[in-house]
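Single-letter residue listing:
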Amino acid sequence: MIQEAVEIKALTKVFGQGENAVKAFGPSDLDINEGEFISLLGPSGCGKSTLLLMVAGLLESSSGSVKLKGTSVTGPRTDIGIMFQDNTLVPWRTVRGNIELQLELRGLNVDDYSERIDTLLQQVSLSEFSQNAPYELSGGMQQRAAFCQALIHEPDTLLLDEPLGKLDAMTREVIRRDLQTLWMQKKQTVMLVTHSIEEAVQLSNRVVVISPRPGVIDQIFEIDLPWPRDLEVKNSPAFSEYVMQIQRIFQNYGVL
Amino acid sequence: MITKAIAFVWNWIKQSWMFLCFFAGFFLFWQYSIDWFDIPRYILPKPTEIITKSSADLDKLLYYTWVTGSESVLGYVIAIIVAVPLGLAIAFSTILRRTIYPFFVSIEMIPKIAFAPLFISWLGFGLLPKVIIVFLVCFFPIVLNAILAFGSLGEELTRFCAATGASKKDAFFKVRLPAALPQCFVGFKYAAINATVGATIAEFIGSDQGLGFYIQIVTGNMRPDLAFAGIFFLTLLGLSLFGLVTLAERLLIPWHISQRRH
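Sequences listed follow chains A and B, in order.
The first sequence begins at 12 in our numbering and counts up one residue at a time.
The second sequence begins at 749 in our numbering and counts up one residue at a time.
Pulled out of the complex, with its shape left as it was, chain A reads as follows (with noise of 0.2 Å):
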């Protein structure tokens, strides 16, 4: 039996007490396979960047629980990989040397990761890049370094917080590719929020549609696309009636 690497039961996150109560979430549920792209989809507000802190333990829940990898998450989890729409490089260091910052915060030898270093900057085209200071890149090749950043550990599972929703269309396409090519070689569990109906039919497993408040889970659609899905696929029938069916969802919210 596949173990679950995510688990999400009767989870809520609520702010606030008494009559200044606000839901941000739930209570929703969710299994998510090792291995598995899941993207959590829903307009602006609707908790989706609240559900993916919970399970990376940066935002404690109201009720419910969630456990990674079999065990319940309490506090921050450091055995995944996290990146938020701005990203976490920092501008006294080079590319290289935020990589490395993920590393030496903890407390893994650098040294052994050379090698690893070069390939990923390798594989998103940042080689040259290595020793610029982050202000020297443009958005787009700042979230790619910022993707090795939150790589380089190797970790299992990765939490993406609309990593992309700063780029423009042209990028954000070919940042797609690069993530989607990046996650095919590990398959790592990859949780990613996005507002872009189109990014989560590509690049997932499953979408899982969040309704807007009360932010909860509401739909779930298993996408049989074949893999890569490159512009080919993209272009296929199949592909815009997913992208249809989820568009019609969000219009019987009213917010599209």
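Some clues are possibly wrong.
[Said to hold, decoys possible] With a straight-line cut-off of 30 Å between C-alpha atoms, the simulated DSBU-like cross-links for lysine-lysine are: (1) K20(A) - K197(A); (2) K78(A) - K245(A); (3) K177(A) - K922(B); (4) K922(B) - K937(B); (5) K808(B) - K78(A); (6) K937(B) - K808(B); (7) K197(A) - K245(A); (8) K917(B) - K937(B); (9) K916(B) - K80(A).
[What the hints assert, rightly or not] Label-pair restraints from in silico Cβ distances: (10) T130(A) - R846(B): 48 to 54 Å; (11) N759(B) - N246(A): 53 to 59 Å; (12) D123(A) - N759(B): 57 to 63 Å; (13) N31(A) - R846(B): 21 to 27 Å; (14) N31(A) - I858(B): 34 to 40 Å; (15) F851(B) - E184(A): 53 to 59 Å; (16) S76(A) - K917(B): 30 to 36 Å; (17) T906(B) - Q28(A): 20 to 26 Å; (18) K917(B) - E165(A): 21 to 27 Å; (19) E856(B) - A32(A): 33 to 39 Å; (20) P833(B) - G265(A): 51 to 57 Å; (21) A32(A) - R846(B): 22 to 28 Å.
Derived by calculation from the structure, the hints in this document are not laboratory data.
From the three backbone atoms N, C-alpha and C, an ideal C-beta is built for every residue, glycine too.
Guided by the hints, dock chain B onto chain A, whose structure is given.
Just chain B now, with coordinates in the frame of chain A:
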């Protein structure tokens, strides 16, 4: 080497000739307007007179610059040494943030220089009361900026550190401290300007040496030419202190947006 130096100076002149012309024009106007408007010498001397007449006092001026400089630098450095760790403690301790922090904010409203006569009367004419007054005028901008600096690490970086399981020491030295430096320098620079002001006013109130003392004495003797010489050395002192802090900033945080040259 020499050609490089010439090229550098030439470049500088080319870039700032407008400012240099304005500067020269300002002093020329000053020089000749004394005669044009028939201004008495005991009100305002000519720039050339300031230079020729004060040259006799040069040794004294240099020594007093050293005295005022020592007071300023000592008070300034002690303020940094005390204020930065204290700001760090306040940023991370809820108890301190609810007790000392509002206390500091309210003290910041008091013109610290008002304490100067008290310190002179308690501690006499020596170095100590001046250093304390400089410390007071430097301490608050540094500590308030340090609190802001250490308390405002971005949410993303805070979460990133937590998700790596980094030790407090590593998270501090590798992320929090460098991220806090730009805001700390805002306080350092503001305080650097305050330092010489504090020292000068402290000397006005009670002292037997220093540039503030000198300016007060010669003004009383109807010698504005010498007072202007004192002001010139005070300006030099303030500029040097500010220049050193700016240089330190450029060396320590060359990556910050305020320091980047493209």
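Exercise for the section: For the pair we were handed, K916(B) and K80(A), check the Cα-Cα distance against 30 Å. Expected result: 26 Å, holds
Problem - Pair hint outcome, K808(B) versus K78(A) [Cα-Cα no greater than 30 Å] - result: Given pair K808(B), K78(A) is violated - Cα atoms ~77 Å apart, limit 30 Å.
Handout entry: Distance restraint hint 22 to 28 Å, applied to the beta-carbon atoms of A32(A) and R846(B)
Key = 25 Å, holds
Exercise for the section: Quickly compare the C-alpha distance for K20(A) and K197(A) to 30 Å and report which way the hint goes. Expected result: 27 Å, holds
Handout entry: Hint check for R846(B) and N31(A) - Cβ pair distance inside 21 to 27 Å
Key = 22 Å, holds
Handout entry: Satisfaction of the hinted span 53 to 59 Å by the C-beta atoms belonging to F851(B) and E184(A)
Key = About 56 Å separates the Cβ atoms of F851(B) and E184(A), which means 53 to 59 Å holds.
Exercise for the section: Compare the distance between the alpha carbons of K917(B) and K937(B) with 30 Å, and conclude whether the hinted pair is satisfied. Expected result: 27 Å, holds
Exercise for the section: Look at the Cβ atoms of S76(A) and K917(B) and judge whether their distance stays inside 30 to 36 Å. Expected result: Cβ of S76(A) to Cβ of K917(B): about 33 Å, so the range 30 to 36 Å holds.
Exercise for the section: For the range 51 to 57 Å, tell me whether the beta carbons of P833(B) and G265(A) fit it or not. Expected result: At 54 Å between Cβs, range holds.
Exercise for the section: Starting from the hint 33 to 39 Å, judge whether the C-beta atoms of E856(B) and A32(A) obey it. Expected result: 37 Å, holds
Problem - Hinted pair K78(A) and K245(A), Cα distance within 30 Å - result: 34 Å, violated
Practice task
Note whether the CB distance of D123(A) and N759(B) lies within 57 to 63 Å or breaks it.
Solution key: Taking Cβ atoms as reference, D123(A) and N759(B) lie about 48 Å apart, which means the hint is violated.
In the structure shown, a violation is registered for the earlier hints numbered 2, 5, 12, in ascending order.
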